[in-house]
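**Student:** So the sequence lines, in the order shown, correspond to chains A and B.
Residue 3 in our numbering sits at position 3 of the first sequence; the count goes up by one each step and never skips.
Residue 116 in our numbering sits at position 116 of the second sequence; the count goes up by one each step and never skips.
Derived from the structure by calculation, the hints contain no laboratory data.
Just so you know, even glycine gets a beta-carbon here, dropped at the ideal spot from N, CA and C.
Certain hints may be false.
Partial list, computed: chain B residues near chain A (C-beta under 8 Å) [claimed, not checked]:
| # | residue |
| --- | --- |
| 1 | Asp14 |
| 2 | Leu17 |
| 3 | Arg18 |
| 4 | Leu20 |
| 5 | Tyr21 |
| 6 | Arg26 |
| 7 | Glu28 |
| 8 | Asp34 |
| 9 | Ala35 |
| 10 | Val37 |
| 11 | Ala41 |
| 12 | Asp45 |
| 13 | Ala47 |
| 14 | Ala176 |
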Amino acid sequence: MPINPACCLQSDMPRAPSWPRAAKRINSPAMDTSGADDETLMQAYGAGDLSAFEALYARHRAGLYRYLLRSTRNPNTADDLFQETWSRVVDARARWQPRAKFTTWLLQIAHNLAVDTHRRQPMHASPEETEAALATLAANEHEQPERQLSDFQMRRRLQLAIERLPDEQRHAILLRLEHDLSLDEIADVTGAPRETVKSRLRYATQRIREELDA
Amino acid sequence: MTSHPLPPHNEDDDQDLRALYRSLPRTEPSEKLDAAVRQVAARADAADRNVQRPRRRWHPGWGVAATVVLATGLFFLTDLNRPDMAHLSEAPPPVDNRLAAPPETMQRAAPAPVPQAPAHPRDSAAFTNQLGRQAPTSSEAAAPKQKSAPMAAAPAPAPSADQSAAAEIAPVQNDADTRIAHIRALLQRGQREKALQALQDLQRDIPDVTLPADLQRLLPKQP
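For reference, chain A alone in the conformation it holds in the complex (with noise of 0.2 Å):
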């Protein structure tokens, strides 16, 4: 069943049995921030304790803006929606509840963003305009020259293949790539069927794979 971004707000939803070592309530606004896990963190923050967000937003800022730029596909678009992601993690602090996993709820309210986005402006940036960018990244100095032009070509195959997606199987398998979600957290955040988000990575695995072998 797929999750509402409203779900870990406070309501009058009963607590998801699975998730209760984050139940106990933060009253301290200083707390150690390296070993809390994130819904403590979150939590915390939500009692005034602004250390637990730095804590946080240092944890998921990159993986976030990765979803998000390789979502998109466009740098702008993806700054402007992992603001407006952090912007509704603050609102919602005073009355965030751990009644589902924080990141979970951290990308469905990105993913929530990106699919408004791809229904206001379907594309923003050409295949090749990505190619342009992905090849003026620099090469890891370890690496030997023939084996980075190999890399250099898979990496660049790989990319182009995710953009080349449907919207559909482009979040999904990012979900997954990038966030090593399960089925079922996909089908959390997405908001599909379980056998759907199944079918999805099916298809998106498949055309990966031609297009790197190509």
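Go by the hints and put chain B onto chain A.
**Tutor:** For chain B alone, kept in the frame of chain A given last:
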């Protein structure tokens, strides 16, 4: 380009793709974007603190002081508006002079002569005899006191006999005083004839009147 069949998706089928994906550039948000997000969070945190601060700033002492001021104000207002205390702060009600004045019949009654106290102790015996001769009543003796009493202090609704007699003398004496003052005024204006006539009229109307020395000199000396 080769095509692959579509086997049932297994979550471990994409191990090679996941490894290849991790070799892609680890793109991250720019510092500017990081700063913008952190600024949003810090601004929200500052707003939360500003909302909480006024609550702390409200000290209970302000509530106590306001209560004391309110109670004091109500006390003074209530005290001034009490009906049983209000008459104390107001002027006495005006006296109706018509009701306070004696009836005209009393003014026309003959006043009792008021003996004068002797100037010297040697005259005290004669003074005593005069008192006995005139047989003044206790009410008559009280007449001089009534003379100086204010008009407003006069009559009760059902006065006793003594009180009526005392009230009888005072208007007569007042009338004599008025006429004496009138005679003196005539003398001051040089109307001696009129003054003498008024003096004779006074003696005729009130034979027992005690004339002051200056007017007694105007009377013809008796043989």
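**Student:** Each hint needs a verdict: does it hold in this structure or not?
**Tutor:** Comparing the hints with the structure gives:
no., hint, result
1, Asp14, "holds, 5 Å"
2, Leu17, "holds, 6 Å"
3, Arg18, "holds, 5 Å"
4, Leu20, "holds, 5 Å"
5, Tyr21, "holds, 4 Å"
6, Arg26, "holds, 7 Å"
7, Glu28, "holds, 5 Å"
8, Asp34, "holds, 7 Å"
9, Ala35, "violated, 11 Å"
10, Val37, "holds, 5 Å"
11, Ala41, "holds, 5 Å"
12, Asp45, "holds, 5 Å"
13, Ala47, "violated, 10 Å"
14, Ala176, "violated, 101 Å"
Checked against the numbered hints given earlier, this structure breaks hints 9, 13 and 14; the rest are met.
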